[in-house]
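Chains as they are written, first to last, in the working numbering: chain P, 592 to 979; chain X, 592 to 979.
Derived from the structure by calculation, the hints contain no laboratory data.
Predicted, not measured: the structure shown is a model, and the values here were computed from it.
It is possible that some hints are incorrect.
Put simply, identical chains are the same to the list, so a pair is met inside one copy or across any two.
As the list claims (entries may be wrong) - Straight line, CA to CA, 25 Å or less: simulated SDA-like cross-link-like pairs of lysine to any residue:
(1) K917 / E816
(2) K675 / R964
(3) K917 / R630
(4) K675 / M847
(5) K917 / R819
(6) K677 / Q697
(7) K955 / G860
(8) K955 / D627
(9) K917 / R964
(10) K801 / P744
(11) K917 / E649
(12) K776 / D948
(13) K950 / W625
(14) K975 / R840
(15) K950 / R962
(16) K675 / R694
(17) K917 / W625
2 protein chains.
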Amino acid sequence: MDNVAAAPLLPEVREAMLPYLGEIFGNPQSLHNWGDGAREALEGAREQVAALIGGASEEIIFTSSGTEANNMAVKGIARSRAEKGKHIIVSSIEHFSVLNSARTMQREGFEVSLAPVDSTGTVVPDDLLKLVRPDTVLVSVTQASSEVGTIQPLAEIAAGLPKDGPVLHTDAVAGVGNIPVDVKKLGVQALSLAGNQFNGPRGSGALWVKRGVRLLPLMDGGIQEGGRRPGTEDLPAIAGLGKAAEIARRDLDVRMERMSGLRDMLIEGVLGKVEHSVLTGHPVNRLPGYASFCLRFIEGEAILMLLNSHGIAAASGSACTSRALKASHVLLAMGINHELAQGSVLFTLGPVNDAEDVKYVLEKLPEVVDRLRRMSPLYSKYLKEQKG
Amino acid sequence: MDNVAAAPLLPEVREAMLPYLGEIFGNPQSLHNWGDGAREALEGAREQVAALIGGASEEIIFTSSGTEANNMAVKGIARSRAEKGKHIIVSSIEHFSVLNSARTMQREGFEVSLAPVDSTGTVVPDDLLKLVRPDTVLVSVTQASSEVGTIQPLAEIAAGLPKDGPVLHTDAVAGVGNIPVDVKKLGVQALSLAGNQFNGPRGSGALWVKRGVRLLPLMDGGIQEGGRRPGTEDLPAIAGLGKAAEIARRDLDVRMERMSGLRDMLIEGVLGKVEHSVLTGHPVNRLPGYASFCLRFIEGEAILMLLNSHGIAAASGSACTSRALKASHVLLAMGINHELAQGSVLFTLGPVNDAEDVKYVLEKLPEVVDRLRRMSPLYSKYLKEQKG
Numbered sequence: 592m593d594n595v596a597a598a599p600l601l602p603e604v605r606e607a608m609l610p611y612l613g614e615i616f617g618n619p620q621s622l623h624n625w626g627d628g629a630r631e632a633l634e635g636a637r638e639q640v641a642a643l644i645g646g647a648s649e650e651i652i653f654t655s656s657g658t659e660a661n662n663m664a665v666k667g668i669a670r671s672r673a674e675k676g677k678h679i680i681v682s683s684i685e686h687f688s689v690l691n692s693a694r695t696m697q698r699e700g701f702e703v704s705l706a707p708v709d710s711t712g713t714v715v716p717d718d719l720l721k722l723v724r725p726d727t728v729l730v731s732v733t734q735a736s737s738e739v740g741t742i743q744p745l746a747e748i749a750a751g752l753p754k755d756g757p758v759l760h761t762d763a764v765a766g767v768g769n770i771p772v773d774v775k776k777l778g779v780q781a782l783s784l785a786g787n788q789f790n791g792p793r794g795s796g797a798l799w800v801k802r803g804v805r806l807l808p809l810m811d812g813g814i815q816e817g818g819r820r821p822g823t824e825d826l827p828a829i830a831g832l833g834k835a836a837e838i839a840r841r842d843l844d845v846r847m848e849r850m851s852g853l854r855d856m857l858i859e860g861v862l863g864k865v866e867h868s869v870l871t872g873h874p875v876n877r878l879p880g881y882a883s884f885c886l887r888f889i890e891g892e893a894i895l896m897l898l899n900s901h902g903i904a905a906a907s908g909s910a911c912t913s914r915a916l917k918a919s920h921v922l923l924a925m926g927i928n929h930e931l932a933q934g935s936v937l938f939t940l941g942p943v944n945d946a947e948d949v950k951y952v953l954e955k956l957p958e959v960v961d962r963l964r965r966m967s968p969l970y971s972k973y974l975k976e977q978k979g
Numbered sequence: 592m593d594n595v596a597a598a599p600l601l602p603e604v605r606e607a608m609l610p611y612l613g614e615i616f617g618n619p620q621s622l623h624n625w626g627d628g629a630r631e632a633l634e635g636a637r638e639q640v641a642a643l644i645g646g647a648s649e650e651i652i653f654t655s656s657g658t659e660a661n662n663m664a665v666k667g668i669a670r671s672r673a674e675k676g677k678h679i680i681v682s683s684i685e686h687f688s689v690l691n692s693a694r695t696m697q698r699e700g701f702e703v704s705l706a707p708v709d710s711t712g713t714v715v716p717d718d719l720l721k722l723v724r725p726d727t728v729l730v731s732v733t734q735a736s737s738e739v740g741t742i743q744p745l746a747e748i749a750a751g752l753p754k755d756g757p758v759l760h761t762d763a764v765a766g767v768g769n770i771p772v773d774v775k776k777l778g779v780q781a782l783s784l785a786g787n788q789f790n791g792p793r794g795s796g797a798l799w800v801k802r803g804v805r806l807l808p809l810m811d812g813g814i815q816e817g818g819r820r821p822g823t824e825d826l827p828a829i830a831g832l833g834k835a836a837e838i839a840r841r842d843l844d845v846r847m848e849r850m851s852g853l854r855d856m857l858i859e860g861v862l863g864k865v866e867h868s869v870l871t872g873h874p875v876n877r878l879p880g881y882a883s884f885c886l887r888f889i890e891g892e893a894i895l896m897l898l899n900s901h902g903i904a905a906a907s908g909s910a911c912t913s914r915a916l917k918a919s920h921v922l923l924a925m926g927i928n929h930e931l932a933q934g935s936v937l938f939t940l941g942p943v944n945d946a947e948d949v950k951y952v953l954e955k956l957p958e959v960v961d962r963l964r965r966m967s968p969l970y971s972k973y974l975k976e977q978k979g
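Just chain P, with the same shape it has in the complex (with noise of 0.2 Å):
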């Protein structure tokens, strides 16, 4: 129950890459015919994967994965407004690839404000409006937090930005795929996504820029990608991710069900049979496969470890830092304190997941909570204080 870290492929997803590793190797730039069915395959992967969006095919430029096209949204459009001004707003849940590209423009001598969210992981619309000055050239939000799922109110905040003003980039990888995403809807200019956030491949990402945006790229090189991102196109990644797309949007409306249902019942049981957890994240506006909760009393890593032995995969918050073991930012910045963030439990849900393992889950989970308190001595003092 990790699906957002790691993600068994949809079997048509890989029938759809195969060929890529196979019969079909021309490459899309080659003046002569084997590049023909590759240079096929390229475009109709664009049209799948902007046909997800609502954005035209052209707009779509692909990358190595949701990191690398936060990176070049946040830093390929500063760098090309640095003339028109340099302060840029991210909210403070941003993932890394987003914040820290922000504290790397920082360097480069630009402001970075930090919009703050409440206590839901929401951030609030005004909150941020009021960060806008006439120098602000970048806001960039994500648009569900792929730490507690919450769903943030983007058109709202495109609605009251000023016209003309800066240029909204959103970090779309954990909605994408997961529930609906519509970029005019959104409001958005810039919107990064991942295929292995919706069961396609690893190494398959892709910003979506709206025509008339200016993007320095990240990288230099060839002229493919219409000069934005050089680097001989990875086939079998890239069709892969538009087979993804292509099934996200048939599949799309009967996942968010199926979803949402098996992350109800396990939000119920996991607040009704465990005691002192609290749902982090907003109770409602949360992506279909997300239940976070912070566990007092507990520690992340030894809970992880502990449901591991009873077959159970889970995470602590983004895989991309769960090895630096820090309490995670997301949570300090809705206000949880550190000693409750220490004990963030993440499940997400997939395809692979059905009722049966989340009744297993609310079997375990209870057992091992106990366990690791009974040999807490935070807990000990805690009951101590109880009952004195």
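Given the structure of chain P, go ahead and fit chain X onto it with the hints provided.
Just chain X, lined up with the frame of chain P:
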């Protein structure tokens, strides 16, 4: 015969990738067991790649392409050394991922010197070393040209650089897997390579950076690759790169002998059968699979089209720029004039090719050249002048 742009995966490479598109889908960063297989694969591939180039496995950073490795090296090393000095030297025949990265650093306040090459496309060490200044922080010279195949005297350049002077990086994308490459013998501190240049997968590359050499990452994000290259690891591509490296190391001698034989047969045949043809690049110090020519009175694009109609895939230069249709900066740097440079044709051989292929090219190429020359006003003019 355009293997440098596009070559089929070796069947063993494909087999090595398939498990990571199927049952092994874990995330190497996960704290639970599902990450174990992924982590082993990642570290196994790192050892295979390190072994191919004589480096240590912890010095390998996986990237999504040779282009990314080159960008990371040039920008990352220059930026990390900006306080020591702001002068960079690159050769004038570098791939655009190096050349344009250097130009980007120019916009960031660096000075860039271009080291000239002789008519064989070889950097003359003394000419380069004359450009070194106290504030030179980076020298980047390709190990072997991806356009004309000339192998560069890197060890000589390395030996001539001042101690504790500039970092020496080499773009070895065309060389690694095709000729012996040993970072110690070359005397470099950083080296880029790409899997698809030796029948490994697209979307796979690596930068080797000698321990102790600092590098600012190109991208910000998670803690993958020791914090130097964030983003969920693309395991199928990485596993494929590892396997391709293992095979290249095993088969290098046999492959080199076979490729050089075919190449020499092709070169001899073309020079013998096609009037006004010149070999570009070094006559001896060249990559085993590289047969590159300029054919006078001919336009590269036109010849590729006609060869294609006979079922022959060839290139006019780098696939990364083929659709830009400009005279190659590499050929111009070698002193070839614009007119002759337009007639550039590059055949790159791979394991799929055999003597029959070469014979077929030698049969068709003269016909194709004749046909094009009959339509060429320049050729008519030349013939008249000869008669006159």
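A quick look at each hint next to the structure:
1. K917 / E816: between (37 Å within a copy, 18 Å between copies)
2. K675 / R964: neither (55 Å within a copy, 53 Å between copies)
3. K917 / R630: between (44 Å within a copy, 21 Å between copies)
4. K675 / M847: So K675 and M847 fail the 25 Å test inside a copy (41 Å) and across (55 Å) alike.
5. K917 / R819: The answer is between: 19 Å across copies meets 25 Å, while 35 Å in one copy does not.
6. K677 / Q697: So K677 and Q697 pass the 25 Å test inside a copy (9 Å) and across (20 Å) alike.
7. K955 / G860: within (12 Å within a copy, 74 Å between copies)
8. K955 / D627: The answer is between: 22 Å across copies meets 25 Å, while 54 Å in one copy does not.
9. K917 / R964: So K917 and R964 pass the 25 Å test inside one copy only (20 Å; across, 69 Å).
10. K801 / P744: within (20 Å within a copy, 46 Å between copies)
11. K917 / E649: between (40 Å within a copy, 24 Å between copies)
12. K776 / D948: Classified as neither: same-chain Cα gap 35 Å, cross-chain 55 Å, threshold 25 Å.
13. K950 / W625: Only across copies: K950 and W625 sit 20 Å apart there, 52 Å inside one copy, limit 25 Å.
14. K975 / R840: neither (54 Å within a copy, 65 Å between copies)
15. K950 / R962: within (19 Å within a copy, 75 Å between copies)
16. K675 / R694: Intra 19 Å, inter 23 Å, cutoff 25 Å: intra and inter.
17. K917 / W625: between (50 Å within a copy, 22 Å between copies)
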